[in-house]
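First to last, the sequence lines map onto chains A and B.
Counting from 1 along the first sequence, just add 373 to a position and that's the residue number in the numbering used here.
Counting from 1 along the second sequence, just add 2 to a position and that's the residue number in the numbering used here.
None of these hints come from the bench; they were simulated from the model.
Nothing here was measured: the structure is a model prediction, and the numbers come from that model.
Don't take every hint at face value.
[What the hints assert, rightly or not] Calculated lysine-lysine pairs in the BS3-like style (CA-CA distance at most 25 Å, straight line):
1) B/229 - B/351
2) B/378 - B/215
3) B/54 - A/609
4) A/600 - B/304
5) A/600 - B/54
6) B/180 - B/28
7) A/540 - A/529
8) B/188 - B/483
9) B/36 - B/180
10) B/344 - A/600
11) B/378 - B/483
12) A/609 - B/229
13) B/304 - B/373
14) B/188 - B/215
15) B/191 - B/36
16) B/462 - B/375
17) B/344 - A/609
18) B/191 - B/119
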Amino acid sequence: MSTLLAIFIYLSTLVFVVGLLQRIRDYAGTPAPLKIPTTPAPTTGGGVVLRMVREVVFFESLFKGNLWTWVSGWLFHFSMLLVVFRHLRYFTEPVWGWVDFIQPFGIYAGITMVAGLLGLLARRIFVERIRYISTPSDFLMLVLLIGIASSGLLMKFVGHPDVIMVKNYFLGLMHLSIRELPSNFVLYAHLSMVFTLLLIFPMSKLLHAPGLFFSPSRNQADNPREKRHIAPWAAKLESEK
Amino acid sequence: MADIAPPAYRTFPIIPELKPGAMEGKGPFVAPDKINEALGFPGHLEDDWHDKAIAKMGDLLSRYRSLKVYMDACVHCGACSDKCHYFIGTQDPKNMPVARQDLMRSVYRRYFTLPGKLFPKLVGARDLTREVLDEWFNYYHQCSECRRCSVFCPYGIDTAEVTMAAREILDSVGYGQKYANEIIGKVHKIGNNLGLPGPALIDTLEGLEEDVKEATGVDVRFPMDVKGAEVLLITPSADFFAEPHIDSLIGYAKVFHATGTSWTLSSMSSEAGNFGLFIGNYDQLRTIAMRIRQAALELGVKRIVVGECGHAWRVAYSFWNTLTGVGDGADPNDRFAQMLQKQLDHRYKQPSHICEFTWDMIQDERLVFDKSKNDKYVITYHDSCNVARGSNMGGYPGGQFDIPRNIIRAVANNFVEMDSSTSYERTFCCGGGGGLLTDDLMDVRVKGALPRMEKLQQVKDEEGVNFMACICAICKAQFTKVLPIYGFDRKVVGGVHQLVSNAIQLGVK
Ligand code: HEM
Ligand code: SF4
Ligand code: SF4
Numbered sequence: 374m375s376t377l378l379a380i381f382i383y384l385s386t387l388v389f390v391v392g393l394l395q396r397i398r399d400y401a402g403t404p405a406p407l408k409i410p411t412t413p414a415p416t417t418g419g420g421v422v423l424r425m426v427r428e429v430v431f432f433e434s435l436f437k438g439n440l441w442t443w444v445s446g447w448l449f450h451f452s453m454l455l456v457v458f459r460h461l462r463y464f465t466e467p468v469w470g471w472v473d474f475i476q477p478f479g480i481y482a483g484i485t486m487v488a489g490l491l492g493l494l495a496r497r498i499f500v501e502r503i504r505y506i507s508t509p510s511d512f513l514m515l516v517l518l519i520g521i522a523s524s525g526l527l528m529k530f531v532g533h534p535d536v537i538m539v540k541n542y543f544l545g546l547m548h549l550s551i552r553e554l555p556s557n558f559v560l561y562a563h564l565s566m567v568f569t570l571l572l573i574f575p576m577s578k579l580l581h582a583p584g585l586f587f588s589p590s591r592n593q594a595d596n597p598r599e600k601r602h603i604a605p606w607a608a609k610l611e612s613e614k
Numbered sequence: 003m004a005d006i007a008p009p010a011y012r013t014f015p016i017i018p019e020l021k022p023g024a025m026e027g028k029g030p031f032v033a034p035d036k037i038n039e040a041l042g043f044p045g046h047l048e049d050d051w052h053d054k055a056i057a058k059m060g061d062l063l064s065r066y067r068s069l070k071v072y073m074d075a076c077v078h079c080g081a082c083s084d085k086c087h088y089f090i091g092t093q094d095p096k097n098m099p100v101a102r103q104d105l106m107r108s109v110y111r112r113y114f115t116l117p118g119k120l121f122p123k124l125v126g127a128r129d130l131t132r133e134v135l136d137e138w139f140n141y142y143h144q145c146s147e148c149r150r151c152s153v154f155c156p157y158g159i160d161t162a163e164v165t166m167a168a169r170e171i172l173d174s175v176g177y178g179q180k181y182a183n184e185i186i187g188k189v190h191k192i193g194n195n196l197g198l199p200g201p202a203l204i205d206t207l208e209g210l211e212e213d214v215k216e217a218t219g220v221d222v223r224f225p226m227d228v229k230g231a232e233v234l235l236i237t238p239s240a241d242f243f244a245e246p247h248i249d250s251l252i253g254y255a256k257v258f259h260a261t262g263t264s265w266t267l268s269s270m271s272s273e274a275g276n277f278g279l280f281i282g283n284y285d286q287l288r289t290i291a292m293r294i295r296q297a298a299l300e301l302g303v304k305r306i307v308v309g310e311c312g313h314a315w316r317v318a319y320s321f322w323n324t325l326t327g328v329g330d331g332a333d334p335n336d337r338f339a340q341m342l343q344k345q346l347d348h349r350y351k352q353p354s355h356i357c358e359f360t361w362d363m364i365q366d367e368r369l370v371f372d373k374s375k376n377d378k379y380v381i382t383y384h385d386s387c388n389v390a391r392g393s394n395m396g397g398y399p400g401g402q403f404d405i406p407r408n409i410i411r412a413v414a415n416n417f418v419e420m421d422s423s424t425s426y427e428r429t430f431c432c433g434g435g436g437g438l439l440t441d442d443l444m445d446v447r448v449k450g451a452l453p454r455m456e457k458l459q460q461v462k463d464e465e466g467v468n469f470m471a472c473i474c475a476i477c478k479a480q481f482t483k484v485l486p487i488y489g490f491d492r493k494v495v496g497g498v499h500q501l502v503s504n505a506i507q508l509g510v511k
């Protein structure tokens, strides 16, 4: 079983890394032929960086758009970020100081992450408009994340697997050697779901994470009169004349 | 038009419940063969439309990063879902911005992503059938490309970009919209959207000179094709004859007169509006914009100034430099752009908005006003969508909001704002933008005006507002039609330079 899971982990990580890099290269290589920043648009490159930071850290536009979605979504994402940081202890030896420091907060974050996700799920179920636009995959994605978080919490608060063994397993994987994983059903479920998430990442709406950075309406400086902006395929029209 | 009843105002600004299918079959007229062919599109749908449409979509995905990222990135969070005036007015769920995008996204998933190829039902993917194509035609012509949804989306997804791509695909298979394509044909043939030939324009302008002389006793000129003038004014052709547009044209002329600025119109290039934007076609956008470059070169002007028009200003401000090299940094191989660069006076932004021009003159104290001339009005200001969300003035963020308001305050005493949830970057489209200003779309136009009418009603009731200024030819035309349906006087709408025209004192400085 440990081996089977190891194969799945390698496979999904490969798909994740290669798929994501390929997607990012694709975005970066596609020109944006016209200046289309949406107001409030900064006029300088520095302003764009600031705007992007506000979008990534505070979800600024979503805050303007819908308060409830913002509360749930922000809670979910930043709890998840903490939880991910907390998991670094399984991959580092010795464990870095700051990772050690956040361990207790990471546990609360697991709880708030589920709370945020339940909020998002409730919106999908009970708000008519959101239900209308939801596809089965939208629900499954939330269920998957809730599954990941709650199986994690289950291991924390109910049936502890041997975390030393778990850590050894991952340190082993990092050096291409497959060691024994505690045979704990919840643990297997947790890990399968996590790596399923990585597997689907580069071909699903999770591409919103890299997508934001490439969105022309957000990442362009509003200076069309001062600096000519032209895509390579559009410049060709010029020399044809 | 009397048979069209407006939707009721919402007592509370609640989000309306869904009425699926409410706007099915309410799309515009389909363009006949001749109109499509004049623009180089196939005349009508042919048997191979399906493959051609998918190929076009692939082509656009490789040329427009906006489309590619927007197709992938949406998480169906719904933040945009209640932000569209057409959804609010019609309650048709397919007029929610995200649902409008999904009409195309579902096809994108089916043909361009692995999960959509393997599990279409799971991810909401579907084949491009004739029904789907008809749905595109219907609902992508119920979007005014106003970008309001883009403000609230966490990734800035701009449904306008998706609408433009859809219209381009439709055109490429011979399924164009009559109104937009017919007008583009007129620009190529005659030089403006209304198809007004040069001699008729000159006639109109002479008539205007007489009218102004009679009203003010001053010889205000409306020059046409004057070589060596300092300013070339490019203005929407509606300014030449439509009410209330013409009053703003008089306003520009008075500002030029009072400041002693030599200026000219061009009979060859007598249109600021660029419908190439509406159909999302870069070649059309560029070809239409080139007329302006040509006129500027022929007339040898130093400055290009653009009249009151929303989408036109977006194209002029955001795209002209890209399309024609009118600003700074033209290609060294582009001889004409290089000539233009040398010819234009780069102490000024090129192009400038007429409001930038007027506001500069006010700040330089070159204009004198009698504000009391506007005392019969309690004025509010409607931010036109494409000025608000697709352009700028003054060169600093938010200048496009301040400068028109500054002008109004300089020429009038009574100014009040409408509800802040419907102004500045959150402003609502008038309901007629983006190529929808046609009688065959009257139903959607009336319904789409609902959110603006609600807030206008509010300031009318609370503050006695009786004049709504704006700087867009489409807003003016749309509101003139729609205001009476909502129980207002049609004269409530007018241009900022109409107010300038009322108050300006000629021959004082
Ligand atoms: C740059 C990093 C990221 C940013 C700025 C970001 C931002 C957002 C925002 C603003 C939303 C909409 C609000 C909401 O529904 O929560 C959202 C939704 C979502 N995000 Fe992220 N996100 C990021 C990374 C991730 C990652 C790494 C995951 C991986 C699991 C993820 C999973 C999700 C999911 C599943 C949703 C949809 C929630 C729903 O269905 O309602 N996000 N994200
Ligand atoms: S661009 Fe404007 S009209 Fe189009 S979907 Fe968005 S809000 Fe609606
Ligand atoms: S706000 Fe953006 S991400 Fe959310 S549903 Fe609308 S388009 Fe999609």
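We went through each hint and held it up to the structure:
1. B/229 - B/351: Within the cut-off at roughly 21 Å; holds.
2. B/378 - B/215: Status holds; Cα separation ~23 Å.
3. B/54 - A/609: Roughly 24 Å separates the two Cα atoms, so the pair holds.
4. A/600 - B/304: holds (19 Å)
5. A/600 - B/54: violated (36 Å)
6. B/180 - B/28: holds (14 Å)
7. A/540 - A/529: holds (15 Å)
8. B/188 - B/483: holds (23 Å)
9. B/36 - B/180: Holds, at roughly 10 Å.
10. B/344 - A/600: Distance ~16 Å between residue 344 of chain B and residue 600 of chain A Cα, so the pair holds.
11. B/378 - B/483: Holds: residue 378 of chain B and residue 483 of chain B sit about 23 Å apart, inside 25 Å.
12. A/609 - B/229: Distance ~32 Å between residue 609 of chain A and residue 229 of chain B Cα, so the pair is violated.
13. B/304 - B/373: Answer violated: residue 304 of chain B to residue 373 of chain B is near 32 Å, above 25 Å.
14. B/188 - B/215: With a Cα-Cα distance of about 33 Å, the restraint between residue 188 of chain B and residue 215 of chain B is violated, given a limit of 25 Å.
15. B/191 - B/36: holds (14 Å)
16. B/462 - B/375: Holds: residue 462 of chain B and residue 375 of chain B sit about 20 Å apart, inside 25 Å.
17. B/344 - A/609: holds (22 Å)
18. B/191 - B/119: violated (45 Å)
Checked against the numbered hints above, the structure breaks hints 5, 12, 13, 14 and 18 and satisfies the rest.
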